[in-house]
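If you want the building blocks of each chain, they are given just below.
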Amino acid sequence: MSNWHMLTLIGKDRPGIVASITTALFEAGCNLGETSMIRLGNNFTVMMMVDAVQGESGLRKVLDPVVAELQLVLHIDAIEGGLHHRPVPNVCILVHGADRAGIVSQVTTRAADAGLNIVDLESDVAGTGASPIYVLQIHGVAAQGVEAIEAALAPLQAEGVRVDVQSVDTLIG
Amino acid sequence: MAVLEILTYPDERLRQVSDPVEQFDATFQRRVDDLEETRLAGPGAVGIAAPQVGWFQRVVIVDVSGRKKTRNHGHLILVNPEITEWDGYAVGREGCLSVPDYTGNVIRAEKIHLSALDREGNALSFDMDGFEARAVQHEMDHIDGLLFLDRLVSRRQDLFQRKVYK
Chain A
1 MSNWHMLTLI GKDRPGIVAS ITTALFEAGC NLGETSMIRL GNNFTVMMMV DAVQGESGLR
61 KVLDPVVAEL QLVLHIDAIE GGLHHRPVPN VCILVHGADR AGIVSQVTTR AADAGLNIVD
121 LESDVAGTGA SPIYVLQIHG VAAQGVEAIE AALAPLQAEG VRVDVQSVDT LIG
Chain B
1001 MAVLEILTYP DERLRQVSDP VEQFDATFQR RVDDLEETRL AGPGAVGIAA PQVGWFQRVV
1061 IVDVSGRKKT RNHGHLILVN PEITEWDGYA VGREGCLSVP DYTGNVIRAE KIHLSALDRE
1121 GNALSFDMDG FEARAVQHEM DHIDGLLFLD RLVSRRQDLF QRKVYK
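These protein sequence lines map, in sequence, to chains A and B.
Using this note's numbering, the first residue of the first sequence is number 1, and each one after it goes up by one.
Using this note's numbering, the first residue of the second sequence is number 1001, and each one after it goes up by one.
You may find that some hints are simply not true.
To be verified - Derived CB-CB ranges, DEER-like:
1. A:26 to B:1037: 37 to 47 Å
2. B:1088 to A:31: 39 to 49 Å
3. A:106 to B:1126: 42 to 52 Å
4. B:1011 to A:35: 21 to 31 Å
5. A:151 to B:1088: 22 to 32 Å
6. A:105 to B:1091: 25 to 35 Å
Said to hold, decoys possible - Some chain A residues judged to face chain B by a derived CB distance under 8 Å, without partners named:
7. 84
8. 88
9. 168
10. 171
11. 173
Keep in mind the hints are simulated off the structure, nothing from the lab.
The beta-carbon is built from N, C-alpha and C at its ideal position, and this holds for glycine as well.
Using the sequences and the hints given, assemble the complete structure.
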């Protein structure tokens, strides 16, 4: 019987946070599943699937010392399902252009209407303070085909956003 | 003909370097047939290498002819294959019969020149590119004891490594 929880931890970034969190979990007998850690701005962020018999309150006790020492914010949710449910993306969408409000909203709304289920999304503001650019990368499953996504996003080109939709061909060998 | 068991990671036997084929006898022919039948029994594999079924000789099968818009040389049984030239590189997503439930990005040469023997021992030579070249490189790794896991690149940092095909 597994007891999966989704842990979300954020805080000011510094070296060693992942090591401290995962060591505390390991020493308490917890097991990690899929995890994703990324630095957003100056912030450390991680989401991790943790299989823990202790349950939510037990997990909180396990992590309290680390959370206090590293001044993190911890959020825990019990989740359904476990491992081996990962869909294989068949489309990659790259978007970039001068930064302005609404790019992600427009791209993802149009793509969702064309059948896209996002598996992985990342965006960045780059360039300079005076002339910022926005870079968005999405991997997903295009249920209605890659061409449908391409057609749905094409009109955005006219608004000065560069959109590149590529099929992702996964080679199984 | 028989569908053989596929060795899966972390089975140490997948790390073995395979030996060249020297005999093209009836036993060899039967093993090639079994290897192909095993490939076809799997979930959509465009290739298979002998070590994946515990046969440690330098034999790979590649067939990308069933894919849309993919340049190819048809169904290939490649014995003692050697890549003699490489050109360019591209990031692509790979999975493997020997690594269930995982896919990841791998950098491969975009174009290769390949020499090999066919199943009768006759010399073959190909210039290939794109998906077919990727499949051959993936399968040839197996006969040197390598898996695509050994070549994974970041799924997040590939924006400027991608090659755009238009």
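Quick rundown of the hints versus the structure:
no.	hint	in the structure
1	A:26 to B:1037: 37 to 47 Å	44 Å, holds
2	B:1088 to A:31: 39 to 49 Å	42 Å, holds
3	A:106 to B:1126: 42 to 52 Å	45 Å, holds
4	B:1011 to A:35: 21 to 31 Å	26 Å, holds
5	A:151 to B:1088: 22 to 32 Å	30 Å, holds
6	A:105 to B:1091: 25 to 35 Å	28 Å, holds
7	84	5 Å, holds
8	88	5 Å, holds
9	168	5 Å, holds
10	171	5 Å, holds
11	173	4 Å, holds
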